[in-house]
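Asker: Chain by chain, the residues:
Protein chains: 2
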Amino acid sequence: MRTEISTLGEFGLIDHLTKNIKITQSTTKRGVGDDAAIIDNGDKQTLVSTDLLLEGIHFDLVYTPLKHLGYKAAVVNFSDIYAMNGTPQQITMSLGISKRFSVEDLEEFYAGVLLACSVYGVDLVGGDTSSSLTGFTISVTCIGIADSDKVVTRDGAKDTDLIFVSGDLGAAYMGLQLLEREKQIFAGQEEQQPDFSGKEYILERQLKPEARKDIVKFLAEHNIKPTAMIDVSDGLSSDILHICKQSNVGCKIFEDRLPIDYQTASMAETFNMNVSTVALNGGEDYELLFTVPLSLHDEAIAITGIHLVGHITSAEDGCVLITRDNQSMELRAQGWTQISE
Amino acid sequence: MRTEISTLGEFGLIDHLTKNIKITQSTTKRGVGDDAAIIDNGDKQTLVSTDLLLEGIHFDLVYTPLKHLGYKAAVVNFSDIYAMNGTPQQITMSLGISKRFSVEDLEEFYAGVLLACSVYGVDLVGGDTSSSLTGFTISVTCIGIADSDKVVTRDGAKDTDLIFVSGDLGAAYMGLQLLEREKQIFAGQEEQQPDFSGKEYILERQLKPEARKDIVKFLAEHNIKPTAMIDVSDGLSSDILHICKQSNVGCKIFEDRLPIDYQTASMAETFNMNVSTVALNGGEDYELLFTVPLSLHDEAIAITGIHLVGHITSAEDGCVLITRDNQSMELRAQGWTQISE
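Residue numbers (our numbering), protein chains in the order written: chain A, 35 to 375; chain B, 35 to 375.
Next up, chain A with everything else stripped away, as it sits in the complex (with noise of 0.2 Å):
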């Protein structure tokens, strides 16, 4: 018998795979399904995330400097930590090279990694080099800490929580969208170079993302715990959907909320493509997507830098974009669609 891994999908792929895992030990706090694993120590808890990247899949070195790249394969490992409310402390980084690449190449790379361990004070404690038959593999795992009290997972969240997210959302994809045109205009073209100006905020989101460190800090020094958190890699529509899933609950996403940049709004325009379906479901911002407590509403909106776009209900009520016009639409993993009325 053979079962095409498509008629799963990614998700369904994981779960099926999962399903079986039990946990034995008594300090596996959280195993799989979370931003990180919760490891138990005690008074802290020690969170462990881990990234496969793949050139081809995950990213295209016709438009990636091996600089920007490192920079970006411990960012958004850090920004799994973050995502449980923990600091990242350490990471590993283990890459597979084929013989395209040289030193230098690897100098480059390194330098990008030791760049975001500097700025977000984290080591670099390990990991491996091997020949690889096929391009540029990363794998990234990031060890972090947390007091055991504090740890934010994605099923804390409860009916009338606020949900906020931090920064803006689609520009990373946005900045994806005209690196690939222009990677098509100028494909074969090695004398000219494609002008970027007044797109710099677009591309430095996919190029350069950070991990919000300071937003973390922000909820400490206000004393909100959310109570569910995870970080914005699929898209806010999918991620929401994780946290409503495993905290049983139903959200209404309103879309005149979505916090979007002039520049994403701006390209969306360029490229025809609704700008709501690109904050939705644009994926790579990086941002924190977390709900918090009714109670708390006046502490959370003085936190600088994050909205308030929409609140949790319950499950009964599903998860719903409500739209500029008020109409209730059904949010998905990949876009939504109308529901009947």
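Derived from the structure by calculation, the hints contain no laboratory data. Some hints here could point you the wrong way.
Note that the list lumps identical chains together, so a pair holds whenever it fits in one copy or between two copies.
[Claimed, not checked] The calculated lysine-lysine pairs, modelled on DSS-like cross-linking and capped at a C-alpha distance of 30 Å, are:
1) K53 with K192
2) K259 with K78
3) K133 with K279
4) K78 with K247
5) K286 with K259
6) K56 with K78
7) K63 with K184
8) K192 with K279
9) K259 with K192
10) K53 with K133
11) K192 with K63
12) K279 with K259
13) K247 with K53
14) K101 with K63
15) K192 with K286
16) K56 with K251
Start from chain A and add chain B according to the hints.
Answerer: Below, chain B without anything else, positioned relative to chain A:
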């Protein structure tokens, strides 16, 4: 400027890329350069090892059943934690998968991983799966634990310490040679299958290695804390050189004390290979190689399944192999060369 990676070699490349790493976190007790990183949690220390396995480089699916591959991918990481005198407790496993693979293939692979987890008492706590353009990619990270005063690194070996290795050496390498030969002989012949009777041991050593959890237990029961320890993944020569370099000592290994199984010796003869070379450089044995103070000689030799193969000397004396005919040869990462008299 373009420097080919081959000019540095694997170890040279890692040294080159990691020489500028600075440790900044007080919880980082040990970074790159051992079997695992050490993270301080007070009384206990967390150990982290990671591994990236690429199809065509680290394994060949023509003769490696996916269930065995899953088992091995997990076990070789457990071995790194035992080599620190610790206990593996959690692993993460990320996969890159091309369209060539079906859901059933992945079920097989996961069955092997979960079997290893069950045998060794380890929890699978994370990871992800993603598409790959190019075959099967496996990234494994293992988290272990050890009492802070029990962790054994590679840098504690002292002059006159005894050198022990568990089990026997070279079997996994001869198993690989046999599989490679049969692959070529039987290429394209679907009807015929090779006859492996009488060669089960070397095949199992290659396809389904075990980590020496028992040795770590025996050492604790005999109140022996090795001064340095490593698992034999690259071959005894390479691995004792890691200990000697990091401990700033020399060593003397006695050829006639190398533990070699009958099947290994027999297969080496068939292939017209020097069996001592196979034992010294074969790799993938996943035995434990460790040093013990001379004063613990009697306690150490009482342990079942370990073999005294030599002793530590001062750094000036170099790292040498004493052959059966009592000549001194310089030990090298691959092979050895005669020392001029």
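Asker: So, for every hint listed, does it hold in this structure?
Answerer: Going down the list of hints, with the structure as the test:
1. K53 with K192: Intra 25 Å, inter 49 Å, cutoff 30 Å: intra-copy only.
2. K259 with K78: both (16 Å within a copy, 28 Å between copies)
3. K133 with K279: Between. Shortest inter-copy distance 29 Å satisfies the 30 Å Cα cut-off; intra-copy 44 Å does not.
4. K78 with K247: Cα proximity of K78 and K247: in one copy and across copies (19 Å, 27 Å).
5. K286 with K259: Within one copy only: 21 Å inside, 59 Å across.
6. K56 with K78: both (23 Å within a copy, 24 Å between copies)
7. K63 with K184: both (14 Å within a copy, 24 Å between copies)
8. K192 with K279: within (12 Å within a copy, 57 Å between copies)
9. K259 with K192: Within one copy only: 13 Å inside, 51 Å across.
10. K53 with K133: between (39 Å within a copy, 22 Å between copies)
11. K192 with K63: within (21 Å within a copy, 40 Å between copies)
12. K279 with K259: within (20 Å within a copy, 48 Å between copies)
13. K247 with K53: between (33 Å within a copy, 27 Å between copies)
14. K101 with K63: between (36 Å within a copy, 27 Å between copies)
15. K192 with K286: Within one copy only: 13 Å inside a chain, 66 Å across chains, cut-off 30 Å.
16. K56 with K251: between (34 Å within a copy, 25 Å between copies)
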